[in-house]
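Based on the hints, put chain B in the right spot on chain A.
2 protein chains.
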Amino acid sequence: MRCGAGIDARQVDELAINIDPIQAGGRLTADAMKAVIAYGDGYSVCDNCRKPNRLDYITKPPIAEFHRDLALWLNMDSARVVPGARRGFQAVAHTYVNKGDPVLVTSLSHYTEFLAVEDAGGIAREIPADEHHRITADATAAKIEEVKREFGRGPVLAFIDHVDYQYGNINDLKSIANVAHQYDIPVLCNGAYTVGIMPVDGKDLGADFVVGSGHKSMAAPAPSGVLAATAERAAEVFRTTTIEGDVTKRRFGIKEPEMMGCTLMGVTLVGMMASFPQVKERVKHFDRELANNRIVIQALRSIDGTIVLSEYPRKHTLTRIDTTASFDTVAKAHKKRGFFLSAALAEKGVVGIIPGATRVWKFNTYGMTTVQAEYLAQVFVGIAVEHGLKIS
Amino acid sequence: MRCGAGIDARQVDELAINIDPIQAGGRLTADAMKAVIAYGDGYSVCDNCRKPNRLDYITKPPIAEFHRDLALWLNMDSARVVPGARRGFQAVAHTYVNKGDPVLVTSLSHYTEFLAVEDAGGIAREIPADEHHRITADATAAKIEEVKREFGRGPVLAFIDHVDYQYGNINDLKSIANVAHQYDIPVLCNGAYTVGIMPVDGKDLGADFVVGSGHKSMAAPAPSGVLAATAERAAEVFRTTTIEGDVTKRRFGIKEPEMMGCTLMGVTLVGMMASFPQVKERVKHFDRELANNRIVIQALRSIDGTIVLSEYPRKHTLTRIDTTASFDTVAKAHKKRGFFLSAALAEKGVVGIIPGATRVWKFNTYGMTTVQAEYLAQVFVGIAVEHGLKIS
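For the protein sequence lines, the chains are A and B, in the order given.
Each number in the working numbering corresponds to the 1-based position in the first sequence with 32 added.
Each number in the working numbering corresponds to the 1-based position in the second sequence with 32 added.
Only chain A is shown next, with the shape it has when bound in the complex:
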């Protein structure tokens, strides 16, 4: 099937169980799919844009209400939609970071956090993860002191991942934020793997900012995301424009420079809104997701030599695994080499791991049914048995 312009219709999630680490939380709901069809056109949410002419003031469709709900849901004071979590990072970095300023990230931070620091002219300093691949409050305090010695002043901002993208481990954001606040450092909670997946209470976490990803974890089209802030920080990052035309004396009302005015004008925003009721509901049932994850993890751990690199027991469905002493031993002798695993999985209707990977790889069980989890568990064990690996 073709969409025109040499583009094959994508039918990944229709035809297979998709365990891609970054795709699991972004699959559209049926409501989002309907919204996507109705709001495909550019500027389709602008039909009823009236003064003061800003996206988050539009009431039909109920965009203003959605913004209020988003902030409330994250227990923050203000929220804006952004074209991806990274654009939230960019807006915050650009507000607080000047050339040469040190900024805290972590040794598990996503590259987009580094780019946000770089783009603002800042210098990234990583809080090292501990031996369990988690960022601790103690390590944060030590790093702040180290930065103070190096720069003669503390970091101006801290990007802390609520759940990191490499191991899917949960960081104790509350304790970390507590330490950062003792040094007056604003804390951005990167919730790309939590907002829309599990409950996030920004105030309880002590976050100055909560950033979420629509296409990663809120069942929304790309690029979409949310940037929420406390009232104090909202006044800074969502400050309104002050520039004036020298000839026309034009000013630009309540547009926000860090948002570049309006942000998501059609399919991305309406898709996010349409999925929101189900997203709000699903975060309450993250325990079911963890139960499904356990079924798969148990099966993988039963294959001799397989090591779960993520914290264990799992508290998130994104998991990093080391199969160097199991599937990779098969790969060494297999005519397809490392590709044997992804090929064997595909044959059984499972997709989403990097083709060729048999040593360290990631997968995400988010959104599957228990029947699918049991099937996936069986598939992993079946492939292992078929290739002569031992099961304990």
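Any given hint could be a false lead.
Because identical chains share one entry, a pair is satisfied inside a single copy or across any pair of copies.
To be verified - The calculated DSBU-like cross-link candidates involving lysine-lysine, where the alpha carbons are at most 30 Å apart (straight line), are:
# : residue 1 : residue 2
1 : Lys131    : Lys180
2 : Lys66     : Lys92
3 : Lys83     : Lys368
4 : Lys422    : Lys347
5 : Lys368    : Lys92
6 : Lys312    : Lys66
By construction, these hints were calculated from the structure, which means they are not laboratory data.
Below, chain B alone, put in the same frame as chain A:
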């Protein structure tokens, strides 16, 4: 019909002739609509992302080829997709503008160009339009000299609208760029109303950058757009990351900080790609669009007191009109006041002008058939006659 979450299905372009000034060029093609359905999911274009892991290197779907085609089509050396034209402005401003630097815009510039200047810390200086609401090379030279007197140095960047958003007038970008280049000022051609609407040859225009809007003029979902650059400027605005993790010594390959890494990961990009063959074709037939526009303009001008504020004869379908001495005289006595006009149009199946506007307003005839243009002409004259206005 409902999409869920309190969102009514939008059926504006299905049920009416839409003359909204900003929506006309963004309506999806049927191919884009198919693509939107197949690529609704977040990260749906990332299935076959392989090293070096950057959006514009993906070959399935043919994203790499699309990027090459885009650059070629605009006769520029490099192109990237961005989440809206404004994000292209932001990337360029952020590359060239430091705090306190003067930046040229025009007295007809869009607010997003001002926000890009403000966000980069620059100071906007407007080239005044002439009495025909056009920006000239002479006015550009005069403004540059004025800026040099005021700041002791020239502007570091010039944002010039190929066609401005207020009057839909075409500026002589070639002559303007020629002047700017004599002062070594890079020129960004804002093609939000031309790229995807009429032929744009970046090198011929002398542009260092060409920015286009997907959702405004390329029949693509929002937010989407293109930033194209000459080879010299591409090396600057698309420079790759140099930041490094101090603990992990991680570096981030060929990701581009001004793009924040990858930009459009799903429905927005694939929609843009799916429409592209038709967009490339339609720009060759802009004369047909102008012929349709003429039919409507002639009808409006036949209504006594109506003045076309845009340059005349029209060279673009976006048109600004003054009906203070025609429709507004009706509004003064009508029980619906200014709303009589939009209501009367809606009754005849025409939507898209600001409700209540009867003095100065804008409309866009882009994309209509000749039959629709003739019908629209008839509707305007019919409403005028019905309300006792004279027709000449």
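Hints not upheld, ascending by number
none
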